[in-house]
Amino acid sequence: MSAHPKLEEPLVEGHKDYATVTNEVCKPLESFPTKLWWYAFLTSATIMGFGFSMIGYMLYKGVGMSGIRSPVNWGMMIITFVFWIGIGHAGTLISAILFLFRQKWRTAINRSAEAMTIFAVMCAGIFPLIHTGRPWYSFYWLFPYPNTMGPLWVNFRSPLLWDVFAVSTYFTISAVFWYTGLVPDLATVRDRSKHWLRKKIYGILSLGWRGSGRGWHHYEIAYWILAGLSTPLVLSVHTIVSFDFAVSIIPGWHTTIFPPYFVAGAIFSGFAMVVTLMVIAREVFGLKEYITLNHLEVMNKIILATGMMVGLAYATEFFIAWYSGVPYERFIFIQRAMGPYAWSYWIMVGCNVLSPQFFWVKKFRRNIPLMFVLSLFVNVGMWFERFVIVVTSLANDYLPSSWNYFRLSPWDYGVLLGSFGMFFTLFLLFCRFLPTISMAEVKSVMPSKEGHHG
Amino acid sequence: MDSAKKQIEELRKWEEKILTSEKRTLWQAADESIESRNEILSRRADEFVDGVKSDDVVDSPSRRRFLGWMGAATALMGTAACKRRPDDHLVPYVHKPQGVVYGVPVWYASTASNGYGVLVKTREGRPIKLEGNPDHPVNEGGLDAQTQAEMLNFYNPERLRGPVNSKNKPATWSEVDTFVKSALKAARPGGVRLLTGAVISPTLGSVIKKFADTTKGKHHTMPPLDQDPIARAHEEAMGVFAVPTFRFDKADVVVSVDADFLGSWLRPVEFTKSFSKRRKIHRGDKNVNRLFVFESSFTLTGVAADHRASIAPSHQLNIIMGLANAVSGFGSVTLERAANETGVSLKELKECAEALVKSKGRSIVVAGGCGPQALEVQLACVALNHVLQNYGATLDLDSPMITGYESGENFEPLVADMNAGNVDFLVIQGVNPVYQSKAFSEALSKVKASVVVAHEFNETAGRASFAIGESHFLESWGDAEIRSGVFSIQQPVIEPLFDTRSLGECLLTWTTDAKVDYRAVVQSYWKQNFGSAISFDSWWADQLRKGATTAGSRSRKSGSFKSANLAVTLSAAANEKISAPYELAIYSSVNLRDGAHANNAWLQELPDPISKVTWGNFAAVSPSLASRLGIRSKNATTDVLKLKVGGETLVIPAFIQPGLKSNVVNIAMGYGRESAGSIGTHLGANAASLAILKKGFTQLRGQAVEILKTGESYELAVTQKYFDLQGRDHDILQQLTLSDFLKDPEAAKKAEHKAISLYSDKEFVYPGHKWGMAIDLNSCTGCSACVVSCYSENNIGIAGADQIRKGRHMAWIRMDLYYQGNPDSENVEATYEPMLCQQCDNAPCETVCPVLATVHSNDGLNDMSYNRCVGTRYCANNCPYKVRRFNYFQYTDSLGGKIDMQDPLPMLMNPDVTIRSRGVMEKCTFCVQRIRKTADEFKDQGKKVPDGALKTACQQSCPADAIAFGDLNDPNSDVSKLQALAQSFKVLEVLNTKPSVSYLPRIRNKGTA
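Top line first, the protein sequences correspond to chains A and B. Counted the way numbering that gives the first Met the number 0 counts, the first sequence spans residues 0 to 453. Counted the way numbering that gives the first Met the number 0 counts, the second sequence spans residues 0 to 1008.
Honestly, the hints are just simulated from the structure, not real lab data. One thing to keep in mind: the hints can contain errors.
[Unchecked claim] The calculated label-pair distances, taken between Cβ atoms and stated as ranges, are:
#, chain 1, residue 1, chain 2, residue 2, range
1, A, Met337, B, Pro580, 33 to 43 Å
2, A, Arg156, B, Gly102, 35 to 45 Å
3, A, Val325, B, Gly98, 53 to 63 Å
4, B, Pro970, A, Ser167, 34 to 44 Å
5, A, Glu219, B, Arg63, 31 to 41 Å
6, A, Phe317, B, Lys633, 25 to 35 Å
7, A, His217, B, Ala74, 52 to 62 Å
8, B, Pro970, A, Val325, 29 to 39 Å
9, A, Phe164, B, Ser2, 47 to 57 Å
10, A, Ser167, B, Ala979, 48 to 58 Å
11, B, Gly102, A, Ser167, 36 to 46 Å
12, A, Tyr322, B, Tyr758, 23 to 33 Å
13, A, Leu41, B, Tyr758, 56 to 66 Å
14, B, Arg63, A, Ser167, 19 to 29 Å
[Claimed, not checked] Below, in silico cross-link-like pairs of lysine-lysine (BS3-like), each with a Cα-Cα straight-line distance of 30 Å or less:
#, chain 1, residue 1, chain 2, residue 2
15, B, Lys445, A, Lys60
16, B, Lys1005, B, Lys249
17, B, Lys445, B, Lys217
18, B, Lys285, B, Lys748
19, B, Lys805, A, Lys60
20, B, Lys545, B, Lys276
21, B, Lys708, B, Lys633
22, A, Lys60, B, Lys720
23, B, Lys249, B, Lys357
[Said to hold, decoys possible] To give an idea of the chain B side of the interface with chain A (calculated C-beta under 8 Å), a few residues:
#, residue
24, Asn634
25, Arg727
26, Val850
27, Tyr865
28, Val869
29, Gly870
30, Phe885
Backbone N, C-alpha and C fix where the C-beta goes; we use that ideal spot for every residue, glycine too.
Assemble the whole structure, with the sequences as input and the hints as a guide.
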């Protein structure tokens, strides 16, 4: 914590003192929400409600309301599951890996990035469940628990089971990590509270934090340990998600490139989502001096780098399809680029490979409207990447007799929309009730008035 | 150590001393000063005990106890799943019927209404499955899709449940009987008419004769369309009004001109049985037959052909005349002229003629299709068969096929009489003339009183005074003579489900006053005609047990060829100009035939074997015609066409079908029903409205048709959209020509790198049985009887058209069809490949299921436990054969969403097979219920299951005997021998899935020269 990287620009702008930071960060929590917040919240909550009523109807009628069909037995649910899990990667990367690498610029964005992770994983978690034919069983039959059905266990060879473990572990660690980081700030909010109920709630949430030296010592050790625990998860979760595909024998899925390719893609999409949210948050909550252009630029660089990795992966897949000499593999990749789903493939390439190329230019990296649009492109592109992977491989696999054209159903779109509603609802609630910027950590990277370095 | 122990001991003693002293001045804690000495001592004693402290000494639970309780609570959570089952009572028999044991099926031999011998499986008194009777000399165990589907017809909730009036409101029997009796009394002599379909029952024939005699009425029959010209041609040319028995098993060369004898022409099961006997090259018979097909539709026979050429319907006569000329100089149409006029390559025709010449007396030429010159075509066919010396060899006129309509007068005179007002009372049974014939429909309004005996309230029933619910063959007595001299008894296996009667019962009730016992009627007929009086009872019991007999052949007059002028008239007919710019071809589809079974969900759900279209018909046009007329088709959504023949129009969606002549439009009959219950009504368009009457014959093919586009489009419900192997022949479907095969059986196999497995073979050792299957692609005709048989055996749900449009089809076995050759060409070839669960040793589905719902059994099966399945569908994705079927909805709640699962439908279900709920994956199990039952039976006797004792439902029903099933651990089993053949291959072997199903390649006999 002592080494301060030589940055050309300060991490927090506006020559603030600690009190200003506290006041500014706590402001959205302590004042009646703005009209803008209400509009945003009500819209997202309505969309969420719509999505959940769609899900409710699907549960009532059957999973057939979705567009899935033979041979494309996985559709919107798995595509969107992988999409949200991917989004969730940036949070942990920022909070854990960048923390371990002592990237001080992370302090302004780690709280909201982590929140985003947790909400994204929550959104993701819904999908495998509603994807199954009998969700009322799958939510507990997928866990190895002692049961009355004889020695009936789960299949430890199935990647779907690994998924269950990977995602639940990831969610647990991320949530604990996030909450641990929140404790000192929650205590700050508690200390500033005037209403008894507010005091009580934040008091309970802050777990009796007193800010003693001993407390800080324990806190930092815990934070380090959790960062260490989370770090492998950044790599493992999407690796395991990619096993859902890589372990199968379907052409276009059965490839060893999937783990690194998926992880790169996940970080790519995660950072894009962080940029999307940060651009909005700094406008809406007046946090421009905390989340500075420098922050956004650094993230854009990461987007560029991971976007190139993803592009390399696309190229490698094609090369290997040709080089392997497996006719099924070749056929699938030709189909992807030129077959009935070519439109989705070229949306994917356009959004994921071409659009980040703007970020080679510094001016573009620091251009807020452009980066906002590009970050949306990347997210669209990454959704389509999963669409391309899931649908094209299944639709045209081994026996031509079974090939079929896949169409999404209205319910699919409804559930996808609902998941965005849920994500933004949760994020808006987070902005309203929890400090969106880690005050304690930001203060540690601010040049103090006394001239010390924190 | 010792010193430490000593020290502790000393401390203890010291402590004891202090504590026991009456007057204490020292204490360790404030409490001790007031505690009594004993209290302190007991507390101290507990403080350092070895091992676990017992719980009863502490009031609060220990950590261990706490965890123990928690574990127990968690374990008890499982009991939350123990929900009360719905109350259901098992009621034992008060008087147990002899031979009935709960759970043990009872089989009865009987006869289906179409004459095929069947074995009926009954469970607890209700029939649940039909199987072909292996002892029946005609179908020899095989059945077709229609007969298999009779099971569903029987339990169809929409059957007529008794007599109803013309508004389909229930009537009473006395009401109907009084009405009929007074109508009979009021009728003028000759005014009573009875219209039926083919009557193959000798008893019913005698009852009808008696009825006609007593009422002074007449019996008319509506013959199956193809039979009439054949019989009349034989009358004209051979002097016998009959359809000969075709002995395809004796024919080396078969030529078919628009006769789909393997799919829908006359008796496909019988023909498939005998034809496929000559295709068993994989069983060592090198003398396989050779099939030439010239057809204007694409049919199963065309798929089975070794040489297939597409023609226009107007070319039928030219082809046969050309061949006759080349073979024997008959007529004046040379082969060159035939080739020129029909567009068939001369080389092909020459080969055909040469093959016929080479195998005189060992060939068959058949023609059909009700073309523009139906009688002339049949006459030419008779002549050609005659010069090839086939009569008496491969064609049997002495014991002809009983067509069952010779007894009655034809249909057209009836319509004429109706129009003339000569018909006072009309009884209709077995046919649906209002749907089939517009002329009849118009004439019917001139008939005062009419009664329809039918299974369902069909179009004709709606026009009659009363409709009478007809008993099904499973619940009524009867008999059949399916071939001259081949008799079988139809015995009921259950009391009539509803208040119904058979036609015989009706007729007898109306002409006699006594109560009718139809069983006695059948018995007395047999007693009079066949049984000797003394031993009749045992003879009768024997007949019932066997199901069929060939005893007591009736003598018939044999025919002789009358050649007078035939060559001249036929040559003149061949000169007639009958071709049209666009010609129509109405064919009978394999699933529905004439449409009588349109309300059968199994048959509607069964894909048309060629187009793979379900739940409706279409106008099939060739790709070149489609591009010429701008007819588009994408993802089964096609342009809707308007077809005009004369003044009649028909609006019907197009379907682009390779392998058709580019000026021919094909439409299937049997659709467009107006009143066929919830399932069959308003599906497709009624092609019969475009049929025309020509020279006394119904013409189905060759009429000039005008093709217009309506501008609308329609999505067909298809189960297969891609028919091209994409060059994957070696991995998926191997086929080769006979000459290549004879040189090297493995010619279709590539000698490339062999797949290496990282797994040891020891992983796949099965101690007892190891079930496997071999499918002979050279025998399989694609008739789809196995598909329906599987639906019946395994309680498979009906998804319905909308679900099929989404690619959700539930069939466990499907007929994959692949074309070879240029798709734009008129002469593509096609091959079937039945695809079902391959029961892989190294099953990709098993490893990916997260809940172990699909696992491997120790006899080599890939088991599916529905109760455990949560429906992740990962298994279906990872199955390279795509044979897993998912219940996207609760399909078993209804028949395709059209008929709810109401009484008596639940009785249809096979109690040995779980009914799957929604959200559950299912697939072929190799009929595991049959395997377990049979294996258990033999286990009780301490034996292994012998080869042949166990048949899967698909195998049993196959009329081509293309499926072999058995134990792969037994090297002498049929299936082991077939799998061991050099030419046997497995689909997608390259994936190392190690399937238990192997295929024997399709071999085309292109001549051995």
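The hints, checked one at a time:
Taking the beta carbon of each, methionine 337 of chain A and proline 580 of chain B are about 38 Å apart, inside 33 to 43 Å as hinted. In this structure the supplied range 35 to 45 Å holds for arginine 156 of chain A paired with glycine 102 of chain B, their Cβ-Cβ distance being about 36 Å. Here the CB-CB span from valine 325 of chain A to glycine 98 of chain B is close to 59 Å, well matched to the stated 53 to 63 Å. Taking 34 to 44 Å as the suggested C-beta distance range, the pair proline 970 of chain B and serine 167 of chain A does not conform, at roughly 51 Å.
Judged by the Cβ atoms, the range 31 to 41 Å given for glutamate 219 of chain A and arginine 63 of chain B holds: they are separated by roughly 35 Å. Take phenylalanine 317 of chain A and lysine 633 of chain B: their Cβ atoms lie about 27 Å apart, and the range 25 to 35 Å holds. Taking 52 to 62 Å as the suggested C-beta distance range, the pair histidine 217 of chain A and alanine 74 of chain B does not conform, at roughly 37 Å. Evaluation of the 29 to 39 Å hint for proline 970 of chain B and valine 325 of chain A yields a pass: the beta carbon distance comes to about 35 Å.
At roughly 54 Å, the beta carbons of phenylalanine 164 of chain A and serine 2 of chain B sit within the given window of 47 to 57 Å. Judged by the Cβ atoms, the range 48 to 58 Å given for serine 167 of chain A and alanine 979 of chain B holds: they are separated by roughly 50 Å. Evaluation of the 36 to 46 Å hint for glycine 102 of chain B and serine 167 of chain A yields a pass: the beta carbon distance comes to about 45 Å. Roughly 26 Å separates the CB atoms of tyrosine 322 of chain A and tyrosine 758 of chain B, a value that falls within the hinted 23 to 33 Å.
One distance hint, 56 to 66 Å for the beta-carbon pair leucine 41 of chain A and tyrosine 758 of chain B, holds here, with the actual separation near 58 Å. At about 28 Å, the CB distance of arginine 63 of chain B to serine 167 of chain A agrees with the hint of 19 to 29 Å. About 52 Å separates the Cα atoms of lysine 445 of chain B and lysine 60 of chain A, which puts this hinted pair outside 30 Å; it is violated. Restraint check for lysine 1005 of chain B and lysine 249 of chain B: satisfied, since their Cα atoms lie roughly 19 Å apart, inside the 30 Å limit.
This hinted pair checks out: lysine 445 of chain B and lysine 217 of chain B have alpha carbons roughly 17 Å apart, not beyond 30 Å. At most 30 Å may separate the alpha-carbon atoms for a hinted pair to count; lysine 285 of chain B and lysine 748 of chain B meet this at roughly 20 Å. Simply put, lysine 805 of chain B and lysine 60 of chain A have alpha-carbon atoms about 16 Å apart, close enough for the 30 Å limit, and the pair holds. Between lysine 545 of chain B and lysine 276 of chain B the CA atoms are separated by roughly 23 Å; this keeps the pair inside 30 Å, and the hint holds.
For a cut-off of 30 Å, the pair hint linking lysine 708 of chain B to lysine 633 of chain B stands: about 16 Å separates their Cα positions. Pair hint lysine 60 of chain A plus lysine 720 of chain B holds up; C-alpha atoms about 28 Å apart against a cutoff of 30 Å. Restraint check: the Cα-Cα separation between lysine 249 of chain B and lysine 357 of chain B comes to about 14 Å, which is no more than 30 Å; the hinted pair holds. With 8 Å as the threshold, the beta carbon of asparagine 634 of chain B comes within range of chain A, its nearest partner Cβ sitting at about 5 Å, so the hint holds.
A distance limit of 8 Å between C-beta atoms decides the matter here; for arginine 727 of chain B the minimum to chain A is near 7 Å, and the interface restraint holds. Among the interface hints, the one on valine 850 of chain B holds; its C-beta lies about 5 Å from the nearest C-beta in chain A, closer than the 8 Å criterion. For tyrosine 865 of chain B, the interface hint is violated, since its Cβ never comes within 8 Å of a Cβ in chain A; the closest pair sits about 10 Å apart. Among the interface hints, the one on valine 869 of chain B holds; its C-beta lies about 4 Å from the nearest C-beta in chain A, closer than the 8 Å criterion.
With a cut of 8 Å, the hint placing glycine 870 of chain B at the interface with chain A holds, because the nearest CB-to-CB distance is about 2 Å. The interface hint given for phenylalanine 885 of chain B is met, as the beta carbon of that residue sits about 6 Å from the closest beta carbon of chain A, less than 8 Å.
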